[in-house]
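Asker: Letter by letter, the chains look like this.
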Amino acid sequence: MSPRNAARTAYLVLIYGFLYLPILVLIVYSFNDAKYSLEWRGVTWTWYRNLLDDPDLLQAALNSVLIAALSATVATGIGALAAVALYRYEFFGKPLLQGLIFVLMMTPDIVMGIALLILFASLSLPLGFWTLLLAHITFNIPFVVVTVLSRISGFDRHLLEAARDLGATEFQAVRRVVLPLLMPAVAAGWLLSFTLSMDDVMVSFFVTGPTFEILPLKIYSMARLGVTPEINALCTLMLGATLILILIAQLLLRERT
Amino acid sequence: MRRKEPFKLTAVGVIGFWLTAFALLPNLLLVVASLLERGGDEFVALILTLDNYRRLFDPLYLGVLLDSLWLAAATTLLCLLLGYPFAYLLTRMPARWRPLLLLLVIVPFWTSSLVRTYAMVILLQTNGWLNQLLLDLGWIAEPLELLYTESAVIAGMLYALLPFMILPLYAVLEKLDRRLIEAARDLGAGWITIFRRIILPLTLPGIVAGCLLTFLPGLGMFYVADLLGGARAMLVGNLIRDQFLSARDWPFGAAASVLLTVLMGFLLWAYYLSARRANRGALP
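These protein sequence lines are chains A and B, in that order. If you count by our numbering, then the first sequence holds residues 1274 to 1530, one letter each, in order. If you count by our numbering, then the second sequence holds residues 64 to 347, one letter each, in order.
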């Protein structure tokens, strides 16, 4: 390896190290058999077992999964529909709609959080499950639209025309021809939404109430009080779950491309 | 086609309704709220005023604003300085390695930034790894106070946002036509000239997009400031959150958010201009 190549590799390794080292440290310490010390005292499952004994935490985790699954499902439905409509039709207000989707994706989380909070407050909706669900569906939609649109653009228009010529209604054509072909992207959009929803802190912070606690906000309130091995374990679990979902999404998208 | 199309109506109707109700309307309400006075029992009083915007320039808040702008700008600049060479080197790697290398950049970007911020706390705390390493190397005699400083906040935001800078940069750098660089070299241009006259203008849209994706969140990530900055750093995000949670001054918080939205507008405009220029430049 020439010195120049060595320098290049070293730089890449350095940046990857920066991206992964803190996560590695987190995982390692979630197994360390010491509550406050950073010295390595051997492997333990104590912190993971403690998590299982905490009913509040389990409830929060369950709530998170529930919100993530529901919001991902609704957002995938609406997002896929929107992507098909944007691809296939010309209609009044289309540029505005496209602009809104783009702006929605770019809007800083905190702005979206308080804008929705103001909306819910002016409708006198009590903050909790429903407001959280509506908010999560909203911030997931643009990501589904983009995922599905990216696959649709390589789609053969003639298939749809053929189905229409053979007498299928528009709905039948979309359901029987377009949807099966888009399935990998739709599934990937669902998984992406699910992970975004599981991880969200900033929007959720404003639109949920004390009646409905979710995991990221629980972690946030715990982490503000200091570092404990239980949070390390909890974060490691979340990390693992996210990674598994993402790998599935990647495999789905890679299939047949 | 003049046929009736119930499917088209439904599809356009659903997405149109959702975006109007949950994207357009909330933002309009936000602007309206920012123009009202603070209420007693209600969150707002229906009196029109520009006072909330005037208060943003009150020295107390202006200080927070400028501080936050500085932190976000420093983070963005660091992301750019670290990310640009990185993205460039990625495009120079063998083609079969690139998907994997890129995936490795995306993986942290898809995991919770809260979890990653927390990982940063572990690394930076007084008895954390970084201090331990510096002590073992003999570079310092006493552990440094790394946590709860402005630098810690910048490091945390850099960590959370770096992938957002690398990805758009990679996208433009990969599309860069190598023949242009070779042509410039054949014509006798030095590396600095090539970078300034060819690479930079053609990758400008990626630079602006990356800055957009790091600078704006850099103003809002209140949990990074909470976990890493303690009381030492306050972002616009913290300011806004406090107006809604503790100070109960919704109109003022709304005004600060509108400011963020206006900033976003400017950055999007800059992106549009740079993309248009780069596209025009690419035409023969």
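What the hints contain is simulated information worked out from the structure, not anything from laboratory work. Only a predicted model underlies this, so the values are computations on that prediction, with no experimental measurement involved. We put the CB at the ideal spot given by N, CA and C, even for glycine. There could be a bad hint or two in this list.
Interface residues of chain A toward chain B, partial, derived using beta-carbon atoms under 8 Å [what the hints assert, rightly or not]:
1. Pro1368
2. Met1378
3. Glu1434
4. Ile1492
5. Leu1498
6. Val1500
Partial list, computed: chain B residues near chain A (C-beta under 7 Å) [stated by the list, open to error]:
7. Ala108
8. Leu111
9. Trp160
Asker: Among all the numbered hints in the text so far, which are the ones the structure does not match?
Answerer: Violated hints (numbers, rising): 1, 2, 3, 5, 7, 8, 9; every other hint is consistent with the structure.
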